[in-house]
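Visitor: In the order they appear, the protein sequences are chains A and B.
Numbered according to this note's numbering, the first sequence terminates at residue 157, and the numbering increases by one at each position without gaps.
Numbered according to this note's numbering, the second sequence terminates at residue 157, and the numbering increases by one at each position without gaps.
Some hints could be false.
The list treats identical chains as one, so a pair stands whether inside a single copy or across any two.
[As the list claims (entries may be wrong)] Quick list of in silico lysine to aspartate or glutamate cross-link-like pairs, EDC-like style, CA-CA up to 20 Å:
no.	residue 1	residue 2
1	Lys46	Asp8
2	Lys46	Asp28
3	Lys46	Glu123
4	Lys46	Glu17
5	Lys116	Glu57
6	Lys153	Asp28
7	Lys46	Asp115
8	Lys73	Glu17
9	Lys46	Asp82
10	Lys153	Glu123
11	Lys46	Asp86
12	Lys153	Asp126
13	Lys153	Glu37
14	Lys153	Asp36
15	Lys46	Glu57
16	Lys116	Asp126
17	Lys116	Glu37
Note that these hints are calculated values from the structure, not bench results.
Just so we're clear, the structure is a prediction, and the values are computed from it rather than from any experiment.
2 protein chains.
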Amino acid sequence: MSKRTVYDPTDPAFRLENSPFYLIAHADFRYHQQMDEALQHHGVSKPIYRIMTVLRERQPVSIGTLADVALTKRSTVSRIVDRMVDQGLAATAPNDADSRITDVTLTDAGQRTLDKLTPVVGEQLDRAFAGIAEADMTALLSTLRRISSNLAKADRG
Amino acid sequence: MSKRTVYDPTDPAFRLENSPFYLIAHADFRYHQQMDEALQHHGVSKPIYRIMTVLRERQPVSIGTLADVALTKRSTVSRIVDRMVDQGLAATAPNDADSRITDVTLTDAGQRTLDKLTPVVGEQLDRAFAGIAEADMTALLSTLRRISSNLAKADRG
DNA sequence: CATCAATACTTGCATCTGCACGTAATCGGC
DNA sequence: GCCGATTACGTGCAGATGCAAGTATTGATG
Chain A
1 MSKRTVYDPT
11 DPAFRLENSP
21 FYLIAHADFR
31 YHQQMDEALQ
41 HHGVSKPIYR
51 IMTVLRERQP
61 VSIGTLADVA
71 LTKRSTVSRI
81 VDRMVDQGLA
91 ATAPNDADSR
101 ITDVTLTDAG
111 QRTLDKLTPV
121 VGEQLDRAFA
131 GIAEADMTAL
141 LSTLRRISSN
151 LAKADRG
Chain B
1 MSKRTVYDPT
11 DPAFRLENSP
21 FYLIAHADFR
31 YHQQMDEALQ
41 HHGVSKPIYR
51 IMTVLRERQP
61 VSIGTLADVA
71 LTKRSTVSRI
81 VDRMVDQGLA
91 ATAPNDADSR
101 ITDVTLTDAG
111 QRTLDKLTPV
121 VGEQLDRAFA
131 GIAEADMTAL
141 LSTLRRISSN
151 LAKADRG
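Between the sequences and the hints, there should be enough to build the whole structure, so can you do that?
Guide: Quick look at the structure:
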């Protein structure tokens with residue numbers, strides 16, 4: 001007989017509330033809920049903030065890379081960046097070496113907005129992880145990485 | 001000085017790839033990617049499958065409860081159920097005791113579809129959790145529950 | 001250097017989602 | 001038993017997303 005874990009949905013004992021991906025979705029959902037509220041106070045949309053967090057680390061960066069890192073389709077990122085340009089948060093320019101590529105950078109206003117938002121998000125993270133031991137956080141990250149890696153493998157296979 | 005963890009986005013050492021919620025989103029994203037492919041082969045959309053997993057455990061169930069458990073807005077669930085009814089997967093009827101409530105149930109065809117899908121999803125979960133110790137899974141669930149609970153508290157406060 | 005394939009992005013279209021509002025039904029105070 | 005408040009759901013509308021197709025640019029091949 002197939003000996004799976006209790007997370008096996010074919011098992012009659014299976015319950016959604018014990019299902020890892022349900023709990024992952026749940027944590028993700030609550031986080032987005034909080035983010036939405038916090039960001040709206042500052043007039044920034046969730047997708048725009050998501051792109052900004054990538055731009056914080058890499059700049060300039062192409063639309064394609066933004067899409068890969070932000071887990072969003074290219075066409076969607078293209079439009080999000082359009083909005084950011086409209087709002088004066090980002091600037092685009094064709095890449096010097098390869099003019100097919102659109103280099104995206106934060107404007108000064110965009111950087112200021114991000115700097116304003118970062119501590120707000122930081123406080124939410126403090127609340128989210130309150131009472132969780134450092135070792136447990138490390139284990140969480142490690143397990144999540146393994147799950148992502150397993151699924152990425154399955155993608156190619 | 002505020003002594004946060006390295007997951008503090010205000011810290012210059014902060015990196016997206018080490019951020020818990022980024023990794024949560026990443027795992028969620030890969031899972032959805034896999035699901036989409038698997039479900040499309042069976043002509044079932046992701047939102048419909050999501051609702052079905054709730055109906056597996058509770059039946060009949062109201063639109064509102066479906067929305068709460070499936071982490072989706074009521075109006076959206078209302079329309080997803082419409083589609084399920086159109087496709088012959090679900091049936092609706094006003095609740096006997098309170099006719100404001102719409103009781104949703106799976107039809108026989110819907111149950112058969114779910115039965116067909118469940119082992120497919122089970123195999124994906126096997127792949128996703130391959131090589132992860134039982135104790136690590138338990139820790140993962142525990143930490144995720146704590147995070148959700150922390151954020152739910154923050155919601156009310 | 002001409003040509004075909006591949007890459008990077010953009011846009012038209014269809015779909016999905018959520019908000020705000022409207023309708024129907026139930027509950028509570030009197 | 002009646003009337004206002006609440007609850008549960010459905011719908012018009014606007015915004016966002018993804019797919020498929022199109023354009024522009026680069027690379028590879030001869």
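Visitor: Which numbered hints are broken by the structure, listed smallest first?
Guide: Result: no hint breaks.
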